[in-house]
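Line by line, the protein sequences are chains A and B.
Going by our numbering, the first sequence opens with residue 1, and the numbers climb by one from there.
Going by our numbering, the second sequence opens with residue 1001, and the numbers climb by one from there.
By construction, these hints were calculated from the structure, which means they are not laboratory data.
Just so it is clear, the structure is predicted and the values come from calculations on it, not from any experiment.
No residue lacks a Cβ here, since even glycine has one placed at the ideal position from N, Cα and C.
Just to be clear, a hint being listed does not mean it is correct.
Unchecked claim - In silico PhoX-like links for lysine-lysine, alpha-carbon gap of 20 Å or less:
id	chain 1	residue 1	chain 2	residue 2
1	B	1040	B	1120
2	A	299	B	1103
3	A	282	B	1086
4	B	1090	A	282
5	A	251	A	80
What the hints assert, rightly or not - Chain B residues, not near chain A, derived (Cβ > 12 Å throughout):
id	residue
6	1042
7	1045
8	1054
9	1058
10	1061
11	1064
12	1065
13	1070
14	1087
15	1088
16	1093
17	1094
18	1095
19	1104
20	1118
21	1120
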Amino acid sequence: MTKRVLVLVIAAIAVSVLIPPTRAQQAPRRQPGAVYDFDFPGKASGPAPRRSLSGVWEFAKGGAEGIQADGAKAMPSDGKPEHELPFTPEGRVAFMAHKPTYGITQVPSALTNDPLPGCDPQGFPRIVLHNARTEQIIQLPNQVVILYQFNKKWRVIWTDGRELIKDPEQPGWKTKDGPPLEPRWWGYSVGTWADDYTFVAESFGFDDRTWLDNAGRPHSDALRVVETYHLVDADHLEKTITIDDPKFYTKPWVALDKLPYRLQSASFDIPEQECVPSETAKYNSLFANPAAGVDDTGK
Amino acid sequence: MRNRHLQMFSVAVGLLIVSVSSFAHHANAVFDVGKKVTMKGTVTEWFWANPHCLLRFDVKGDDGQLVHWTAETQAPPNIIPSGWSKQSFKAGDEITITVEPVKNGQPLGRVLQVVLPSGKTLGGPIGGAGGAADAR
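Next comes chain A alone, as it looks inside the complex (with noise of 0.2 Å):
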């Protein structure tokens, strides 16, 4: 009897090697008209160009590849040590006042304080490290300018030698045509060139009240996040994003680790993706309040 389990066991665990889950049998998750590494088997790339990074770029693995629901792609909410970011005091206080809809302290929607359901700005980093999105990088002589299919937002990357304000109370650009000081959803960013193909910016005089993730990880006005553009051939774009808040944590952290993009044709038109208040709104009446036994004043 012993025995026969036993072959029962191994049959089983036979069966299951040679047959993949069914998701993973699904097909990569495809942006209409986009071109993924999978549609190019073997091909090889030309040599990436010098100091370029406009176009439109997607993920290369697959459209999907940029959501990252329950937080940051490189240290996801998942409750596994390796993934527990260095909070200091003031930061966990700060995360567990957030009620995320995904992640460890996860809420049902109907009862979250995420700024994003109602529309409000999810500035960045988010707008990179939740429901990452296409994008078209436009470089400018004296600006990076990225669009971002998510929520139809884009912002300014200075390349003109300014540097970067310093004071996270007084935030602004120090040049006389500067707007007034005051922290941004969207912070300022500078970048330069390291070598001929890897672009670094850096972002600093955030607005806090943005959060970095869909899992509610938060961030203070101290908060600096370095992004690393590394062009690897002629079609690859890596992007790598390091978060630094000494207030909220002890040490800076990756929260984006290369992540390969892959440029799509000159023609190709990226798609409406908008928050909408009112369609939202009655979703929360229609679905999310019932779901969690709340009416539509939230009690």
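With the hints as your guide, set chain B onto chain A.
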């Protein structure tokens, strides 16, 4: 001997199903993850919107009373690649729908699959881990 092999295969498949379900990712807190309910119903509204499209439909209960269901899908950009569109349904369409229901017993759920009057099936990454992961 043949029966014994069949028995072994059946158990192996059963164990496989259990092992596959363990791949399931957690989803939104409100859903009864892994549970499936299949119903025949009549579409009353197809709300094409962010953050989730909603399919509303009526199902006749055992007592003859109509139950008004609402089921969510994902946002349009997530389901368009799987063949969904703003024109996928119109009021009055007779459908067979499979949902993952919410835990609290309300007639609410997450769409896993819909069979249209034409026989076409809409599915794709709209429910469970893949779909939930797309939530805004």
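Hints and how they fare:
Between the alpha carbons of residue 1040(B) and residue 1120(B) the distance comes to roughly 15 Å, so the proposed pair stays at or under 20 Å and holds. Using a Cα cut-off of 20 Å, the hinted pair residue 299(A) and residue 1103(B) holds, with the two alpha carbons roughly 18 Å apart. Of the supplied pair hints, the one linking residue 282(A) and residue 1086(B) holds, its CA atoms being roughly 17 Å apart against a limit of 20 Å. Annotation: proposed proximity of residue 1090(B) to residue 282(A) holds, straight-line Cα distance about 19 Å (limit 20 Å).
Between residue 251(A) and residue 80(A) the CA atoms are separated by roughly 19 Å; this keeps the pair inside 20 Å, and the hint holds. For residue 1042(B), the shortest C-beta to C-beta distance to chain A comes to about 17 Å, beyond the 12 Å cut-off, and the non-interface label holds. With a least beta-carbon separation of about 9 Å from chain A, residue 1045(B) fails to lie farther than 12 Å from that chain, contradicting its non-interface assignment. At roughly 6 Å, the least C-beta separation between residue 1054(B) and chain A is not larger than 12 Å, which violates its mark as non-interface.
The Cβ of residue 1058(B) lies farther than 12 Å from every Cβ of chain A, with a closest approach of about 14 Å, so its non-interface assignment holds. Look at residue 1061(B): its CB is around 18 Å from the nearest CB on chain A, clear of 12 Å, so calling it non-interface holds up. With 12 Å as the threshold on Cβ separation, the claim that residue 1064(B) sits away from chain A holds: the shortest Cβ distance comes to roughly 23 Å. No Cβ of chain A comes within 12 Å of the Cβ of residue 1065(B); the nearest lies about 18 Å off, and the non-interface call holds.
Against the 12 Å criterion, residue 1070(B) falls within the reach of chain A, whose nearest CB is about 5 Å from its own CB. The claim that residue 1087(B) is not at the interface with chain A holds, since no C-beta of that chain comes within 12 Å of its own (minimum 16 Å). At the 12 Å boundary, the C-beta of residue 1088(B) stays outside the reach of chain A, the nearest C-beta of that chain being 16 Å off. No beta-carbon of chain A is positioned within 12 Å of the beta-carbon of residue 1093(B); the least distance is around 19 Å.
With a closest Cβ-Cβ approach of about 22 Å to chain A, residue 1094(B) is found to remain outside the 12 Å limit, as its non-interface label requires. At the 12 Å boundary, the C-beta of residue 1095(B) stays outside the reach of chain A, the nearest C-beta of that chain being 18 Å off. Taking the minimum C-beta to C-beta distance to chain A, about 5 Å, the non-interface status of residue 1104(B) is violated against the 12 Å cut. With 12 Å as the threshold on Cβ separation, the claim that residue 1118(B) sits away from chain A holds: the shortest Cβ distance comes to roughly 22 Å.
With a least beta-carbon separation of about 18 Å from chain A, residue 1120(B) lies farther than 12 Å from that chain, consistent with its non-interface assignment.
Violated hints, in rising order: 7, 8, 13, 19; the structure is consistent with all others.
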